[in-house]
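So the chains spell out like this:
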Amino acid sequence: MTVKPTLETNRLLTLFQEHGAQVVHADILQPAETLLDLYGEDIRARAYVTSDPLRGEMMLRPDFTVPVVQMHMDSGADPARYTYAGEVFRRQEHDPSRPIEYSQVGYELFGGHDPAEADAEVFTLISEALEGTPLRAATGDIGILMAAVRGLRTTDDRKSALLRHIWRPRRFRALLDRFGGKTPVPATRAALLAMDDPMAKAVGEAGLRSRAEVSVRIDALRADAKAPPVSAEELDLLDTILGLRETAPMVLSILRDIALDLPAIDSAVSQMARRLDALSRHGVDVDSLEFEGSFGRTSLEYYDGFVFGLYAADRPDLPPVATGGRYDALTAVLGRGRSVPAVGGVIRPGLLAEIRGQA
Amino acid sequence: MTIKLGVPSKGRLMEKTFDWFAARGLTLRKSGQDREYSGVVEGIDGVELVLLSAGEIPRELAAGRLHLGVTGSDLVREKVAIWEQRLGEVALMGFGGADLIIAVPQFWVDVDTLDDLDAAAAAFRSRHGFRLRIATKYHRLVRDFLRDNGVADYQLVDSQGATEGSVKNETAEAIADITSTGETLRANGLKILSDGLIHASQATLFKSRMAEWSDDDRAVMARLEAMID
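Sequence lines, in order, name chains A and B.
Following full-length UniProt numbering, the numbering of the first sequence begins with 1 at its first residue and continues without gaps.
Following full-length UniProt numbering, the numbering of the second sequence begins with 1 at its first residue and continues without gaps.
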């Protein structure tokens, strides 16, 4: 049976309203197309898809972020704070012990002029909401990894490919190995590149992908073959960032060292420093705050900055009680050209009740 | 009590299954008229023959309504989530072999690997405004495979037949389908990605872990296993 912890839910909603959040609602059935375009076909394995004879494919909402962002982009208040509560639905193909339905209470903050302050506000508020429960916090910053990729001394095509796969760690690694010359060029590609006119073999055109598109890609492959490999030094720096697992102040000092060799991460590192200051002003003990360089890369959300998870300290078997982060890029994708800085977090009141022994 | 053995109800798969059991001293045959889908097993007591569509056998095994069943290993992987926990492989039968593969138009001289497919999909999406379409009826297997290999910016479109024609008909840019010789693919101007083998399928005798197995059933199963071993 699903735990429906009404008491916790109401307490959290009230708390978030007291902090200026407006209560918003989202339909349980969401148009599938938006979510599919955002997350790709993979989401079909994680969300329930159903269909309506008139509206086409619909999805039982796997999260609130997308509908809340869409609603905000249509309204456009700045800054704006929202809270919501309700069930989310997650299809489970591999593990029958994981819940397929659970409630979430969220707090989202759009706009504002100080992202560090906004990050700190959300993190602190979510932590306060869980007060009384011993928690372990894990944090990260996808923005630093993205800045590091953008700063590599290599082609724009390679950087785009890496950025596109930031949230797919295995593919990201395979690309790095290839761009760094660690894995050899596939034999068929080498053969293709050795031909004077590979397009001569491109006969029997069929389908929507045109001859011109094939030709453009061959040019791109040629350019890539000419580009020197990403240097071992830069690969090491990326590996260091990905492998970071220290307290936040320690990480900050390591990142400042890395920035000497990779100045492109300067502004992302300064942003992290401002965030730590803001967290400190909000009363967070940043000296003991954990930071992981790869945190948030495999979650459902397309976080692209600060990310955090709060775990029950004495229940390592449970998923995080709360998660959140910054998703500026998502607002750009859903905002049809416009974008707004956005950061938010969700709490699972059911887990909270379980940890507190109320379930 | 008897063990229920599910076998494909028609075609080559049925004939080959009958042959396979016959070679092991077990005669399977349809009872009564040819159009009747019930059958008998001779050579062992306590086994009941159920004839049904190969596509339904995975579901019946997963539900525990069949104790044993013969079907393609591709169908089990496609239709039964966490199949290893619910079903067990008793014997690979060595026929009905076919590969589930990803194929693209031959004139895509720039695409030979999944890495190429991923790059082509990204470029296709930004140019055409929608995700590159892959026609298939093996949704779960293809999706898991592409996720594990980090391919993005594609969409699966359902195709229950004549999938090889999807590209020419412009309902898809690539396909994922079963092939044994590759002849139909070539005839339709398609080629297989060099690392695009999703699953090498063959007819397999499965047992259900979800069915009720009485002590008598287990004894029958032990005798059966001794015969087919």
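Hints are computed from structural coordinates only; laboratory data are not their basis.
Heads up, some of the hints might be wrong.
[What the hints assert, rightly or not] PhoX-like, lysine-lysine: derived pairs with alpha carbons at most 20 Å apart:
{"no.": "1", "chain 1": "B", "residue 1": "Lys168", "chain 2": "B", "residue 2": "Lys191"}
{"no.": "2", "chain 1": "A", "residue 1": "Lys201", "chain 2": "B", "residue 2": "Lys168"}
{"no.": "3", "chain 1": "A", "residue 1": "Lys201", "chain 2": "B", "residue 2": "Lys137"}
[As the list claims (entries may be wrong)] If you want the footprint, here are the derived chain A segments under chain B, 3+ residues with CB under 8 Å:
{"no.": "4", "region": "40-46"}
{"no.": "5", "region": "104-114"}
[Claimed, not checked] Far from chain A, some chain B residues (derived; all Cβ distances over 10 Å):
{"no.": "6", "residue": "Trp20"}
{"no.": "7", "residue": "Leu51"}
{"no.": "8", "residue": "Gly97"}
{"no.": "9", "residue": "Asp99"}
{"no.": "10", "residue": "Asp144"}
{"no.": "11", "residue": "Asn149"}
{"no.": "12", "residue": "Gly150"}
{"no.": "13", "residue": "Gly189"}
{"no.": "14", "residue": "Ala222"}
{"no.": "15", "residue": "Arg223"}
{"no.": "16", "residue": "Ala226"}
Even for Gly, the Cβ is constructed at its ideal location relative to N, Cα and C.
A quick look at each hint next to the structure:
1. About 14 Å separates the Cα atoms of Lys168(B) and Lys191(B), which keeps this hinted pair within 20 Å; it holds.
2. Proposed proximity of Lys201(A) and Lys168(B) is supported: the alpha carbons are some 19 Å apart, at most 20 Å.
3. The hinted pair formed by Lys201(A) and Lys137(B) fails the criterion: a straight-line CA distance of about 31 Å is larger than 20 Å.
4. Check on the region 40-46 of chain A: 5 of its residues sit with their Cβ under 8 Å from a Cβ of chain B, so the three-residue criterion for coverage holds.
5. For the region 104-114 of chain A, the stated coverage by chain B is violated: 0 residues have a C-beta nearer than 8 Å to a C-beta of that chain, whereas at least 3 were required.
6. Under the 10 Å C-beta cut-off, the non-interface status given to Trp20(B) relative to chain A holds; the minimum distance is some 32 Å.
7. Listed as outside the interface, Leu51(B) is consistent with that label: its C-beta sits roughly 30 Å from the nearest C-beta of chain A, beyond the 10 Å cut-off.
8. Listed as outside the interface, Gly97(B) is consistent with that label: its C-beta sits roughly 25 Å from the nearest C-beta of chain A, beyond the 10 Å cut-off.
9. With a minimum CB-CB distance of about 19 Å to chain A, Asp99(B) clears the 10 Å threshold, and the non-interface call stands.
10. A Cβ of chain A approaches the Cβ of Asp144(B) within 10 Å, the least distance being about 7 Å, so the stated non-interface status is violated.
11. Here Asn149(B) does not stay apart from chain A, with its beta-carbon only about 7 Å from theirs, under the 10 Å limit.
12. Non-interface call for Gly150(B) relative to chain A: violated, since the shortest CB-CB distance, roughly 3 Å, does not exceed 10 Å.
13. Non-interface call for Gly189(B) relative to chain A: violated, since the shortest CB-CB distance, roughly 5 Å, does not exceed 10 Å.
14. Annotated as non-interface, Ala222(B) keeps its C-beta farther than 10 Å from every C-beta of chain A; the closest such distance is 30 Å.
15. Distance check on Arg223(B): its Cβ is at least 33 Å (rounded) from any Cβ of chain A, clearing the 10 Å threshold; non-interface status holds.
16. With a least CB separation of 34 Å from chain A, Ala226(B) remains clear of the 10 Å interface cut-off, as annotated.
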